[in-house]
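There are 2 protein chains.
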Amino acid sequence: MAVYTQVSAEALSRFLTRFDAGELVSAKGIAEGVENSNYLVETTRDRFILTLYEKRVAAADLPFFMALLDHLADKGLPVPPAIKDRQGVEIHELEGRPACLIRFLPGVSVSHPTPAQAQAAAQAMGQMHAALADFTLERPNALGPEGWAPLAERCGKDLDAIAPGLRGDVQKAVDRVLTAWPAGLPRSAIHADLFPDNVLMLGDRVTGVIDFYFACTEVRAYDLAVMHGAWAFDGAGKRFDAEIGTAVINGYAGAFGLSDAERAALPVLAEGAALRFFLTRAWDWLNTPADAMVTRKDPLAYWRRLEFYAAHGSALFA
Amino acid sequence: MAVYTQVSAEALSRFLTRFDAGELVSAKGIAEGVENSNYLVETTRDRFILTLYEKRVAAADLPFFMALLDHLADKGLPVPPAIKDRQGVEIHELEGRPACLIRFLPGVSVSHPTPAQAQAAAQAMGQMHAALADFTLERPNALGPEGWAPLAERCGKDLDAIAPGLRGDVQKAVDRVLTAWPAGLPRSAIHADLFPDNVLMLGDRVTGVIDFYFACTEVRAYDLAVMHGAWAFDGAGKRFDAEIGTAVINGYAGAFGLSDAERAALPVLAEGAALRFFLTRAWDWLNTPADAMVTRKDPLAYWRRLEFYAAHGSALFA
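So the sequence lines, in the order shown, correspond to chains A and B.
When we follow UniProt numbering, the leftmost residue of the first sequence carries the number 1, and every step to the right adds one.
When we follow UniProt numbering, the leftmost residue of the second sequence carries the number 1, and every step to the right adds one.
Hints may be right or wrong, so weigh each one.
Output of the computed footprint for chain A on chain B, the stretches with three or more beta carbons under 8 Å from beta carbons of chain A [as the list claims (entries may be wrong)]:
| # | stretch |
| --- | --- |
| 1 | 3 to 11 |
| 2 | 233 to 242 |
Taking CB as the label site, the calculated pair distances span [to be verified]:
| # | chain 1 | residue 1 | chain 2 | residue 2 | range |
| --- | --- | --- | --- | --- | --- |
| 3 | A | A311 | B | S111 | 32 to 42 Å |
| 4 | B | R56 | A | D134 | 51 to 61 Å |
| 5 | A | K84 | B | G203 | 23 to 33 Å |
| 6 | B | R45 | A | T5 | 30 to 40 Å |
| 7 | B | D134 | A | A73 | 53 to 63 Å |
| 8 | B | R263 | A | E35 | 49 to 59 Å |
| 9 | B | A311 | A | K84 | 24 to 34 Å |
| 10 | A | E35 | B | R296 | 17 to 27 Å |
These are computed hints drawn from the structure, not numbers from a lab.
Don't be surprised by glycine CBs; every beta carbon is placed ideally from N, CA and C.
Input sequences plus hints: build the corresponding full structure.
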């Protein structure tokens, strides 16, 4: 959420000469996205996002992400593909980092989506899934079900410092979710992190789906489960908004469809999605000094979602 | 250099309705300026910078800064005044902070200015000084000569942890500079921080002078001395670039004029300017943990400038 690598105006001007992108008019470092350095760049022709990939995005994964974005953009979906230079190259190097010049998309991320906005965003997810039916590249989900037990193990007894007895409860939840995890559901490339932050909107219209850096090959309906947990609760996970929840499911089902098997699996998929965000937040929480300038996100906000889904999931998605 | 206060899209949309500024299209938190929160905001009409003032800018000083910017903008200088709302109000409150919607200016800050760029920036300073001749508001210089001895005192013996013997050398330098400090030179509102970061350019043309949050009433030629130290050395203060130094002096003198008395005072003004940045950097250095996420700026980079001016100042500005 900061600019880690400084790019001088001189270096940026030279970089832009590789592209048919016009000449540099303005560049502002922006505080956005995962741990990358981002600049909002304006040229005599257009606006772009310049992204320099820092440690958290592996350079080896960039071809997958860029192919995914190209695939979706080619089918008319509002995603930000990388701009090709005159030689057709998308992934460059700048200031010693992998770097892409990326299409700028208008729109803002809403903090408190309305049901109409949630429905539009879920429709956009359905359209993405439809467009990805013939996308063949694969990327394993580094934060998928196989990773949950080891991550819980690595958090270890420190979990009890977050809440008393949490370690034992987490172990039970991991066991329960993995035991019930569905086999045989359709898999696909998915976004895997479609929080309201990652959807740009103007009014009720989706103008951009961004931040594909967790995209991977996974059970397709898991993407919807992640979105449900991210949109249909308040930040602390204390209040479920049934209207938003329904809008997410209906928006997706209307745009792409949801099979009976997928619908039946949603309770455990939603528990799994909550577990994934709980575990990564718990790990970050336990490994970030309390006085660091990075905001630690409360892991219990996702533990509460997990408990909610465990208690009400079957009724919720019936 | 970060976004300290989050402004939701919903709150920003509501805020914009106070102005004739169009509707919200995009908003990106930008990593810019002193310790304020800044957003680059695009509407259906135009682009703006939204600034929320954090602790480092006193709300009581905002009317001075905004009147100064209005004064300069009214005379056609490329500065970013605050936009007035429909009631004529410039200074608002948003998310509990004083906030201004500010004109967006094109251009980029160069990291390694050429002599032509330095000359153009110094001309812009001269034009500002000319435009400020009839500006009557006053603001004391909180980081002016009266503050240097107390600040050196507060740094105390810790200065010796930056370099052996530094504390004694600093005391001598403060005494020497204050003793030689000129009386009777013309005073004016000045920028007081005209580093290359604070000048936006397109090629050799100045498109913006920004970040007036150190502006104050001070010996006018002190502004030029600050600029000379900021532009005519490499970052570490180890290499003086005579060509840039000459361009700064000539650019300013050509645009506004430099009296014999001012020219004669430049060596001590330049030492004083170097001392001011040395002292504030030393204070920040000694009071910022080495592992903090804020970049500490090496105070010795300004100590070297001070030594350079002490040794060569008389010859330099003759």
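Tested hints:
no., hint, verdict
1, 3 to 11, "holds (count 4)"
2, 233 to 242, "violated (count 0)"
3, A:A311 with B:S111: 32 to 42 Å, "57 Å, violated"
4, B:R56 with A:D134: 51 to 61 Å, "54 Å, holds"
5, A:K84 with B:G203: 23 to 33 Å, "27 Å, holds"
6, B:R45 with A:T5: 30 to 40 Å, "33 Å, holds"
7, B:D134 with A:A73: 53 to 63 Å, "55 Å, holds"
8, B:R263 with A:E35: 49 to 59 Å, "50 Å, holds"
9, B:A311 with A:K84: 24 to 34 Å, "54 Å, violated"
10, A:E35 with B:R296: 17 to 27 Å, "21 Å, holds"
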